[in-house]
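J.: Kindly produce the complete structure, drawing on both the sequences and the hints.
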Amino acid sequence: MSGNPDSTPLVRLPSRLRGIRWRGAVSVIAFFALWHFAVIVEFSGFAELPTPIQTLTAFFADYIANPDYWSSWVVSFERVFYGFIIAQILGIPLGLLFGTSPKFRDLFFPVFELLRPIPPLAWVPISILFWPTNESSIVFITFVGAFFVIVINIYDGVGSIKNEHIWLARSLGASRMSIFRRIMLPSVIPSIAVGMTLGIAITWNVVIAAEMIASDSGLGRMTWEGYVSSTPEVVLIGMISIGLAGYLSSLIVDWVERRMMPWTETG
Amino acid sequence: MSNTATDINQTTEQTGVGHLSVQHVGKVYDPGGANVVALDDCSLEIPAGEFIAVVGPSGCGKSTLLNIMAGFDSLTSGSVLLDDEPLATLNGSLQPGPDRVVVFQNGALFPWKTVLQNVVYGLLVQKQMSEQAANEKGMDLLARTGNLDRIAHSYPGQLSSGMQRRVEILRALINNPKILLLDEPFRAMDTVSKTTMHRHLLDIYDQYHKTVFFITHDLDEAIFLADTVVVMTTRPGTIKLRLDVDLPRPRTRETVLSERFLELKQQAVSAVHEEAKKAFERGERELA
Amino acid sequence: MWVGYFVTIFAWYACVKWLPVSAFQRLPDPLTVVIEWFNPDPDYGLSFFTRDYYLHIWYSTYRATTSFVLAVVLGVPLGILMGWRVKVNEYASALLSILRPIPPLAWVPVAILIFPGSEPAVIFVTFLVAFFATTMNTLLGVKSIDSDYFRAAECLGAKPGDILRDVIIPGALPSIFTGLQIAMGAAWFSLVAGEMIAAQYGLGFMILESYNLVQYPTIVIMMVTLGIVGYASSAVIRLVGNRLMRWRAQSIGLAAA
Numbered sequence: 001m002s003g004n005p006d007s008t009p010l011v012r013l014p015s016r017l018r019g020i021r022w023r024g025a026v027s028v029i030a031f032f033a034l035w036h037f038a039v040i041v042e043f044s045g046f047a048e049l050p051t052p053i054q055t056l057t058a059f060f061a062d063y064i065a066n067p068d069y070w071s072s073w074v075v076s077f078e079r080v081f082y083g084f085i086i087a088q089i090l091g092i093p094l095g096l097l098f099g100t101s102p103k104f105r106d107l108f109f110p111v112f113e114l115l116r117p118i119p120p121l122a123w124v125p126i127s128i129l130f131w132p133t134n135e136s137s138i139v140f141i142t143f144v145g146a147f148f149v150i151v152i153n154i155y156d157g158v159g160s161i162k163n164e165h166i167w168l169a170r171s172l173g174a175s176r177m178s179i180f181r182r183i184m185l186p187s188v189i190p191s192i193a194v195g196m197t198l199g200i201a202i203t204w205n206v207v208i209a210a211e212m213i214a215s216d217s218g219l220g221r222m223t224w225e226g227y228v229s230s231t232p233e234v235v236l237i238g239m240i241s242i243g244l245a246g247y248l249s250s251l252i253v254d255w256v257e258r259r260m261m262p263w264t265e266t267g
Numbered sequence: 001m002s003n004t005a006t007d008i009n010q011t012t013e014q015t016g017v018g019h020l021s022v023q024h025v026g027k028v029y030d031p032g033g034a035n036v037v038a039l040d041d042c043s044l045e046i047p048a049g050e051f052i053a054v055v056g057p058s059g060c061g062k063s064t065l066l067n068i069m070a071g072f073d074s075l076t077s078g079s080v081l082l083d084d085e086p087l088a089t090l091n092g093s094l095q096p097g098p099d100r101v102v103v104f105q106n107g108a109l110f111p112w113k114t115v116l117q118n119v120v121y122g123l124l125v126q127k128q129m130s131e132q133a134a135n136e137k138g139m140d141l142l143a144r145t146g147n148l149d150r151i152a153h154s155y156p157g158q159l160s161s162g163m164q165r166r167v168e169i170l171r172a173l174i175n176n177p178k179i180l181l182l183d184e185p186f187r188a189m190d191t192v193s194k195t196t197m198h199r200h201l202l203d204i205y206d207q208y209h210k211t212v213f214f215i216t217h218d219l220d221e222a223i224f225l226a227d228t229v230v231v232m233t234t235r236p237g238t239i240k241l242r243l244d245v246d247l248p249r250p251r252t253r254e255t256v257l258s259e260r261f262l263e264l265k266q267q268a269v270s271a272v273h274e275e276a277k278k279a280f281e282r283g284e285r286e287l288a
Numbered sequence: 001m002w003v004g005y006f007v008t009i010f011a012w013y014a015c016v017k018w019l020p021v022s023a024f025q026r027l028p029d030p031l032t033v034v035i036e037w038f039n040p041d042p043d044y045g046l047s048f049f050t051r052d053y054y055l056h057i058w059y060s061t062y063r064a065t066t067s068f069v070l071a072v073v074l075g076v077p078l079g080i081l082m083g084w085r086v087k088v089n090e091y092a093s094a095l096l097s098i099l100r101p102i103p104p105l106a107w108v109p110v111a112i113l114i115f116p117g118s119e120p121a122v123i124f125v126t127f128l129v130a131f132f133a134t135t136m137n138t139l140l141g142v143k144s145i146d147s148d149y150f151r152a153a154e155c156l157g158a159k160p161g162d163i164l165r166d167v168i169i170p171g172a173l174p175s176i177f178t179g180l181q182i183a184m185g186a187a188w189f190s191l192v193a194g195e196m197i198a199a200q201y202g203l204g205f206m207i208l209e210s211y212n213l214v215q216y217p218t219i220v221i222m223m224v225t226l227g228i229v230g231y232a233s234s235a236v237i238r239l240v241g242n243r244l245m246r247w248r249a250q251s252i253g254l255a256a257a
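Sequence lines, in order, name chains A, B and C.
The first sequence lines up with residues 1 to 267 when you count with this note's numbering.
The second sequence lines up with residues 1 to 288 when you count with this note's numbering.
The third sequence lines up with residues 1 to 257 when you count with this note's numbering.
A couple of the hints might just be wrong.
Lysine to any residue pairs mimicking SDA-like chemistry, simulated, CA-CA at most 25 Å apart [claimed, not checked]:
| # | chain 1 | residue 1 | chain 2 | residue 2 |
| --- | --- | --- | --- | --- |
| 1 | B | Lys113 | B | Pro86 |
| 2 | C | Lys159 | B | Pro86 |
| 3 | C | Lys159 | B | Met129 |
| 4 | B | Lys113 | C | Trp247 |
| 5 | C | Lys17 | A | Met177 |
| 6 | B | Lys113 | C | Ile57 |
| 7 | B | Lys113 | C | Asn242 |
| 8 | C | Lys159 | C | Pro77 |
| 9 | B | Lys113 | B | Met129 |
| 10 | C | Lys159 | B | Leu241 |
| 11 | B | Lys127 | C | Asn242 |
Simulated from the structure, these hints should not be mistaken for lab results.
T.: Below, the structure written as C-alpha cells:
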C-alpha cells in the first residue's frame with residue numbers, strides 16, 4: 001500500500017479504449033437507485049418528485065416530439081450565443097488593451113476590478129431598466145457573466161507572453177503593429193480558449209437564472225414553470241435538458257478550441 | 001525503537017554493512033502489450049562501502065535499476081540482495097525504506113519544511129526519538145558539515161540548488177542508511193557548483209564510507225568520484241563495461257589531470273560513445 | 001487610479017443626466033445613490049445608518065459562509081481522496097461529471113421541492129457550486145504534486161498517514177486555496193441568483209425587491225455592497241492562505257530580490 005498517488009493521467013484521451021469502468025457505473029447506478037428509493041419511501045421533500053423512470057417516460061411521451069420544448073432549447077441557445085459572442089468581441093480587445101497599455105491599465109483596471117466581484121445576476125434590474133426589450137436585457141446579463149472572465153484571461157495571457165519572442169522580433173526589425181499582429185495575437189489564443197471554456201459554463205448558469213427570474217421563454221423558464229405549476233417532472237426534465245445543453249455547448253467550445261490551436265493535437 | 005541502526009559515526013568498514021548484490025535483474029514494461037525491455041540480465045556486485053558510478057546513454061535503464069533497488073519499482077526477473085537479504089525478488093519488493101535513501105535529480109526537499117525539519121524528517125517519522133533529540137542530532141550534523149547550522153531555519157526555496165542538494169544528502173545520511181542512492185543529483189547544476197558539490201560529497205564519503213550508488217551521464221564526474229564505474233548499454237540495458245578506478249583517495253583537483261585518469265576516461269568514453277550512437281540512431285529510426 | 005474612478009463615475013452621471021437617451025435616463029445617477037447611501041434617514045429605507053441594511057448583509061453573508069464551509073469540509077477531503085487513490089477517483093468522477101454540467105441554478109426548483117423551505121434550498125444550491133469548484137481544484141492540486149516528494153517521504157520511512165500530513169496537504173495547499181477563492185466567488189454568484197429566485201432577505205433578494213418597489217438607487221447600493229462583500233470574502237481567504245503558506249512567500253521574496 002504505497003502512499004504514492006497512482007499515476008493516472010489527468011486528461012483522458014477520448015480515443016483510448018478503456019476497460020469497462022465498473023466503479024464509475026456503480027456510483028451512477030447507486031445514485032439513481034437512491035433517488036428512486038427516496039421517492040418511493042417519500043423521504044421528506046422527495047415525495048413530490050417523480051422517480052427516474054417516471055421522468056424518463058414523461059420525457060419520451062410528451063417532450064421529444066413537442067416543438068415547444070425544442071423551441072425553448074433554441075431560445076436559450078440563442079441567448080447564450082449572443083451574449084457569449086458579444087463578450088468575446090468586446091472582451092478580447094479590452095483585455096489586450098489592459099495588457100499592452102500601462103496607462104490605460106492604471107486608469108481603468110481598478111474600475112474593472114471593482115465591478116468584477118458583482119455577480120452578473122445583480123445586474124438584472126439595471127439591465128431591465130436600461131434595455132428596451134426583455135430579450136436584450138437577458139443577453140446583456142449573459143454578456144456580463146462571460147465578459148469579466150474573458151478579459152481577465154486575455155490580460156493574464158498577454159502578461160505571460162515570453163519577452164524573448166518580442167525582443168527577437170524587435171531585433172529583426174518588426175514594427176509595433178507587426179509584433180502585435182503576428183506575435184501577441186497568436187500568443188493569446190490559448191488564453192482566449194481558457195476564457196471561452198470558463199465563460200461558457202458561467203454563461204449557461206446566468207442564462208438559466210435570468211430566464212427563471214425575468215423571462216417567459218427558454219429552458220430556465222420552462223423548469224421554473226414546472227415548479228410553479230406543480231408538475232415536478234417538468235422540473236426534472238428541464239434540469240436534465242439544461243445539463244445536456246450545457247454539456248453540448250462545452251463540446252462545441254472544445255471543438256472550436258481545437259481548431260484554434262491545432263498545435264496542441266497530440267498524435 | 002531503533003533496531004539494528006548503528007550510529008552514523010561508525011564507518012562502514014567497522015560494520016561491514018551495505019553489500020549490494022544485483023543478480024540477473026531484468027525489467028519488462030507492459031509484457032502483454034508494448035513489451036518494452038528496459039533491463040536485461042544486469043548483474044553487479046557492490047561490496048560494502050564502495051562508491052560505484054553508473055553511466056550510460058539516456059534511456060539505458062540506469063534510473064530503472066535505481067528505482068528497483070530503492071523499492072519504487074519491481075523487477076520481472078532476477079533478484080537484488082542487500083547484505084544477503086532479499087531486497088527485490090519475483091515474489092515482490094521491499095517497500096522503500098530508510099536503509100536505502102534516495103537523493104533525487106531535481107531535488108526533493110520538502111519546500112514547506114525548513115532545512116532542519118527536512119533533515120530530521122526521517123528520524124521523526126520512523127519514531128526513533130523525540131523531536132527534541134532529533135533536532136539536536138540534526139543541528140549537530142548540519143554544524144559538522146560545513147557549518148550548515150546557520151541555515152537550519154531557512155526554507156529550501158531560499159537556498160541555492162547546491163545548498164539544497166547538500167541538505168538533501170544530509171537528510172538521507174542522518175538515517176544511517178546501508179546504501180545511498182543518488183539519481184543524477186548534480187545534473188541540473190553549473191560546472192562550478194558541481195565541482196563544489198563533488199568536494200562535499202567526497203568529504204562525506206571519506207568520513208562515513210557508506211556504500212554509494214551514483215547515477216550520472218557525466219563521465220568526468222563518474223571517474224572522479226567513484227571506485228568503480230559501470231557503463232550500461234542502451235536499451236535493453238545491461239552491464240557493458242566495468243572499470244576499476246584505482247585512483248588514490250582522497251581525490252583532489254590534480255587527480256583529474258593525472259595520466260591514469262585520462263586512461264580510464266578513454267576506456268569509458270569509447271564504450272559510452274558506442275552506446276550513445278546506437279541510441280541516437282534508434283531514436284531517429286523510431287521517428288521515421 | 002483615482003482618475004479612472006472619477007472619469008467613470010462622471011461618465012455615468014453625465015449619461016444619466018445629460019444624454020438624451022431614455023435608456024440612460026431611467027437609471028439612477030451616482031449622486032442620488034451616494035446621497036441615499038449616506039443618508040441617516042433614507043428615502044427608501046436602506047443606508048449605512050439603517051438596521052435593515054446590515055440585516056440583509058448578514059443574511060447573505062451567513063448563507064454564503066455556511067455553504068462555503070460545507071463545501072470545504074466535504075470537498076477538500078473528497079478531492080484529496082480522489083487524487084490519492086485511483087479507486088476513489090473511479091467511483092466518484094463518473095457521477096461528478098454527470099452532475100457537473102448542470103448549471104447549479106437549474107437545481108433551484110428541485111432543491112425547493114426536496115428541502116423543507118427556501119432557506120436550505122438556497123444554501124444547498126450555493127453549496128453545490130462551491131463544492132464542485134473545491135473538489136476539482138483540490139484534485140488537481142494533489143495530482144500536480146511532483147512524485148519525487150512522495151518517493152522521498154517513502155524512503156525516509158513515512159507511512160500513508162505521514163504522507164497525507166507531510167506531502168499531500170502541504171503540496172496541494174496552493175491549489176486548494178486557489179480553488180477556495182474560486183469557490184467563494186462562485187458561491188456569491190449562485191447565492192445572489194438563489195436569493196432573487198427564492199428567498200426573503202438578503203442582498204440578492206433586495207436588489208430584485210428594490211426594482212419591484214421602484215426604489216432604484218437602492219439597487220445600486222446593494223450592487224456595490226455585494227461587490228465589496230464578495231471581494232472581502234475572497235481577500236480573507238487569500239490572507240489565510242498566505243499565512244498557511246508562509247514558505248512560499250519567503251521563496252518568492254528571495255527570487256525577486
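J.: So, for every hint listed, does it hold in this structure?
T.: Comparing the hints with the structure gives:
1. Lys113/B with Pro86/B: At roughly 34 Å apart (the allowed maximum being 25 Å), Pro86/B and Lys113/B break the hint.
2. Lys159/C with Pro86/B: 22 Å, holds
3. Lys159/C with Met129/B: Holds, because 17 Å separates the two Cα atoms, which is no more than 25 Å.
4. Lys113/B with Trp247/C: 8 Å, holds
5. Lys17/C with Met177/A: Given that 25 Å is the threshold and the Cα spacing comes to 39 Å, the pair is violated.
6. Lys113/B with Ile57/C: 40 Å, violated
7. Lys113/B with Asn242/C: 15 Å, holds
8. Lys159/C with Pro77/C: Holds, at roughly 18 Å.
9. Lys113/B with Met129/B: Status holds; Cα separation ~19 Å.
10. Lys159/C with Leu241/B: 39 Å, violated
11. Lys127/B with Asn242/C: With a Cα-Cα distance of about 31 Å, the restraint between Lys127/B and Asn242/C is violated, given a limit of 25 Å.
In summary, the numbered hints that this structure violates are 1, 5, 6, 10, 11.
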